[in-house]
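Chemist: With these hints in hand, go ahead and build the complete structure from the sequences.
Residue numbers (our numbering), protein chains in the order written: chain V, 1 to 363; chain Y, 1001 to 1329.
If you're looking for bench data, these hints aren't it; they were derived computationally from the structure.
Being a predicted model, the structure only gives us computed values, none of them experimental.
Mixed in with the good hints, there may be bad ones.
What the hints assert, rightly or not - Here are some chain Y residues pointing at chain V (derived, C-beta under 10 Å):
no. : residue
1   : Phe1003
2   : Thr1222
3   : Gln1257
Claimed, not checked - Footprint (simulated), chain V over chain Y, 3 or more residues, beta carbon under 8 Å:
no. : stretch
4   : 1070-1084
5   : 1101-1110
Positions of the beta carbon are idealized from the N, C-alpha and C atoms, including for glycine.
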Amino acid sequence: TGGDTGDTDDTEASETTASEGTTSGTTTGDVETTDGGGPSEGETVNAAWVYISEIGDLGWSWAHDQARQAVDEQYDWLETEYTEAVAPSDSERVFEQYAQGDVDVIFGTTFGYQDPMYAVAEDYPDTVFEHATGYRTRENMGRYMGRIYEPRYLAGQATGMVTENNTIGYVAAFPIPEVVRSINAMALGARSVNPEATFKVRWVNAWFDPPTAREAANALIDEGCDVIAQEQDSPAAVRAASDAGVWTSGYNAPMGQFGGENYLISPIWDWTEFYGPTLESLHEGSWEADAFWGGMETGVPMLDEWGPNVSQEVKDQVAATEEQILNDELDVWAGSAFEGESDEFLFQEMSSFVEGVEGEVPS
Amino acid sequence: MSFAAGLLNATVQAATVLLLAGLGELISERAGVLNLGVEGMMLVGALGGFVVTAVTGNYWLGFGVGIACGMALAAVHAFLCISLKSNQVISGVMLTLLGTGLTTFFGSGWVQESITGFPQMTFPIVGRYLVHLPLVGEAFFRSTATDYLALLAVPVVWFFLYRSNLGLEIIAVGEDPEMADTMGVPVFKFRYLAVIIGGGFAGAAGAHLSLAFSQLWVPGMTVGRGWIAVALVVFAQWRPSRMLVGAYLFGLLDALQLRSQSLSLALDPNAPLAGVLNPLVNTLMNPQIMSTYPYLTTIAVLSYAVIRTESVRLAVPSALLQSYNREMD
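Modeler: As structure tokens, then:
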């Protein structure tokens, strides 16, 4: 997968192109790519991360911080710092503090930071800003996200193959395009191998609420679901499924130890493959504001390890499909209501379920 | 499991946390000390219990340690508010921040640990038969030991407060500390006692959450349930029996919010009034709207209680929030 590091002192043109290729190859939408700010070529890069939640939650922020630690380890010219549990309403102050200091690049990792970050980016044109999950960019502010729907589709195939009741439960956060997209991809994956498979969705209305997530999983199991998937910032639903003896798939972080005997596999993030090339381009002075929406070929969205009792048949099926996705031979949305839709639609506007998901997206 | 039985089962599970934490806060407030640190005390209880269970494998020991952790944090509040006479609101909020901060700092490394906590069991002796009762059997007679303890705590707390000398003296301290002091009741000692017992209940609520309900630890896992417990004390008008009603009502609304998502109550589009009723039902059943119902209910009960103060005794401890200074002349 792309974005691996070479000799860190090497600033030859070839490597610059390689790291640029990773980002621009997956560009979405119209972005101005004029030169932004950032450090001078070859100097120490000071990078700061701002997280919405505590990093210890095995969720979204955890995944980003794992990558921060990895790049910090990897590059001796890089200094990193972070602030956790920053509400969007407080984030402008935090961004400003970093920008006033000697920080060269600030990564804001939640959607709610978009407008505050944009405002601070206008005031500090010499600082580079990178915002995850949003849609706004300017010359010194890029955006990034990964096509987690690809590993979702693969995990969906696994759920479709193991379900005996043909009923799969999904513990979901909020009815927004990001979450709807994941549910749809999983359902399409499941139905690609088992046309009878249906999905039931419960909305927790929170990213992080372990007790409610567990209760949502219990409700789904009571209704006959024999596989539980989830989009939550905690492993509570996975543990609930494990305790009830049904199959389960997590999200964000490897969750095998919570799923126990009944663990399938989880779509997870390896943000190192985005942060690495981005920081390298800053170090080399070649950074440009970009819109990164990388698929599995970039190594950002991926799958974790299989659970102990998954059959070889399931593993082989998923491996074969993964190969197709990596070779760009399979479009997850082919044959669905969303076939041929633009990246912009997929990213920002998907607001209905595909066939096979019960009910409607609450409005 | 039928819809109703499943709903009841979920209600019992959701109510236990609120019941334990609410009873603890009730005891503390009855002695005249508001403790807004419930959330913090629950978190230290949840983490303390989890760590001990992960290390020793003994969830009863973990539960005990969870209670002790809640008590220890409550003792800080007691010292600040009773001995140093600082503001109860500020000290309580500080306690929540302290508990959240400490458990996030020390608890981050424990997230990946996996434990075997309290198992589901039938109620001792009679549970074997009663579990087959329709509707309520599974909900009340196949649960975790901590669910049973929370239910048993209601009559115990009631008896303690209204029928034991110690309990009545604690109430006296919360109503009129000067008078109690004159009558020879050790005000400071009993306030300490009530606050620390309250902390123990909050710790138990947290330990139940990590050891019995969730079987895992994540920083911040109480997600505001401690604050709901504080609201429940007002809802219950400082009475243990109404705390039971309140906790179950809140638990029911919580469970209903998730379980009603599978129901379709839409009328046939051709039925009379369907054009008006269907959008109305859709709005009322919207999960995001439904998650506000517990709070709307609290507002409704509070308004009702305040409007009808003459006929409904609110039972606010008269000396709530007041620190006691013994006159030395």
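Chemist: So, for every hint listed, does it hold in this structure?
Modeler: Here is what the structure says about each hint:
no. : hint      : in the structure
1   : Phe1003   : holds (8 Å)
2   : Thr1222   : holds (8 Å)
3   : Gln1257   : holds (8 Å)
4   : 1070-1084 : violated (count 0)
5   : 1101-1110 : holds (count 4)
Going down the numbered hints, you'll see the structure goes against just number 4.
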